[in-house]
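Visitor: Going line by line, the protein sequences match chains R and Y. So the first sequence is numbered by our numbering: it starts at 38 and just counts up by one. So the second sequence is numbered by our numbering: it starts at 3 and just counts up by one.
Please keep in mind that the hints were generated in silico from the structure rather than gathered at the bench.
The calculated EDC-like cross-link candidates involving lysine to aspartate or glutamate, where the alpha carbons are at most 20 Å apart (straight line), are:
#1 R:Lys107 to R:Glu77
#2 R:Lys375 to R:Asp270
#3 Y:Lys75 to Y:Asp59
#4 R:Lys135 to Y:Asp33
#5 R:Lys121 to Y:Asp62
#6 Y:Lys68 to Y:Glu48
#7 R:Lys175 to Y:Asp36
#8 R:Lys160 to Y:Asp58
#9 R:Lys175 to R:Asp202
#10 R:Lys160 to Y:Glu56
#11 Y:Lys68 to R:Asp41
#12 Y:Lys8 to Y:Glu49
#13 Y:Lys68 to R:Asp141
#14 Y:Lys68 to Y:Glu6
#15 R:Lys381 to R:Glu354
#16 R:Lys375 to R:Asp266
#17 R:Lys160 to Y:Asp59
#18 R:Lys175 to Y:Asp33
#19 R:Lys135 to Y:Asp36
Each pair of labels, with its calculated beta carbon distance range:
#20 Y:Glu7 to R:Pro102: 46 to 56 Å
#21 R:Ser156 to Y:Gly52: 24 to 34 Å
#22 R:Ser86 to Y:Glu71: 40 to 50 Å
Short, incomplete list of chain R residues facing chain Y, as computed with Cβ under 8 Å:
#23 Thr120
#24 Lys121
#25 Ser147
#26 Asn151
#27 Ser155
#28 Lys160
#29 Gly189
#30 Ser191
#31 Phe193
Just so you know, even glycine gets a beta-carbon here, dropped at the ideal spot from N, CA and C.
So you can see what is in the structure, the chains are spelled out below.
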Amino acid sequence: MTLDDLFRLAPYSLEASQKEQVLSEILSDLTRRHYANCPEYARILNALSFDASKNHTCAELPFIPVRLFKEFELRSVPQEQITKTLTSSGTSGQAVSKIFLSADNVRAQSKTLNEIISSFIGKQRLPLLLLDTEMIKKDRSMYSARGAGIIGFSIFGRNSTYALDAEMNIDLEKVSSFFEEHKNEPILMFGYTYMIWQFVVRALEEKNISFDARNAVLFHIGGWKKLKDQAVDALEFNRRVQSRLGNVKVYNYYGMAEQLGSVFVECEHGHMHCSNYSDVIIRRPKDFSPAGIGEKGLMELLSVLPTSYPGHVLLTEDEGEILGVDNCPCGRKGKYFKIHGRIKSAELRGCSDTYEKR
Amino acid sequence: MTNEEKYANAFCQAFDIEPEAAKNLTFQAIDAWDSVGHMGLVAQIEEAFGIMLEPDDIVDLNSYEKGKEILAKYNVEFA
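Looking at chain R on its own, in the form it has when it is part of the complex (with noise of 0.2 Å):
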């Protein structure tokens, strides 16, 4: 099976068996690719005296970590193909990744987080109000991972409209007339979990403003890690957006810079799902060995996508465990997970845990 077989596919419908076969199959190939191309990666698999040549099982694929896009410059095709370089999200003083993507590889991770979304959202195109300012798109020489992320996020969209001004204040006047003329409609949100926070929710609750959507979606996304150190979770944060915008359906999900399009969508039961186009594994920290159901590990992302550059099999500084497979009552087939933060010692990295106001 190619990535253009899976396109034909629900995102949802692989059963584990069918997905490790046609993932490992796919990955393989990539990792071939990345191996020919990229020579950086070729020198991580001769010391490793890993033979790609042949096929391998998902878990026997090396992971490399995310990291290494700080370090090195990889990328698998020459660089007159890379028509865009993404940088992730790093506070100052951080180094940032640099992902190199090739016009193929853009439009495999636009079509990959379109057939996701729209999974849940349907195919039409609803109002949309971006939780973020227009300014992250000002900028496009510097096409960092939050601005690329609401690009990305605009196709599900129309007459798209920004609630925050430069200075990230919350534009009452524009919010309020975006709410007046859809009101009889749905209405789709965007953005990162703490720019809602801080820069929607708390602004509203301080000058006591609520809006009264009747019937929104929002998903967001970015990292959870400065909430937490407010004590806030997903219910708080669910219950508090609602009373402030009114009746919204929450949508949290996860993805990473280097793995742009095969996002991990949380359902309405609270699980992570991988789609077919990604999965997860959870390393035993001691000895990187593939950890079972409900223990914790280090997560490793596999993801169909990266073409341009060998971004396929990463290991994360984040920690997680596997809630269970095929299983979740929502009825979306794959791994379900929870993730349990940042590793200790690791540098901050999400989208929204690296905003900080100048």
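Let chain R serve as the given structure and place chain Y on it in line with the hints.
Guide: What follows is chain Y alone, placed relative to chain R:
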């Protein structure tokens, strides 16, 4: 204006280019046609023809020619 002219004009407006430069253009071939510019182009095309593209079609719209094929689904015909 013919549909062809309207269509080329959408590219000119979105990317600030001449009509001749629009033909044969592909996604990311010029700096202006990046992901940000892409949504600008979609807006111009939608306004020109009074239509709304589906997300699938927005993703698939990766060249001047491909866009014409896509528009056929929305009953926009090119001679």
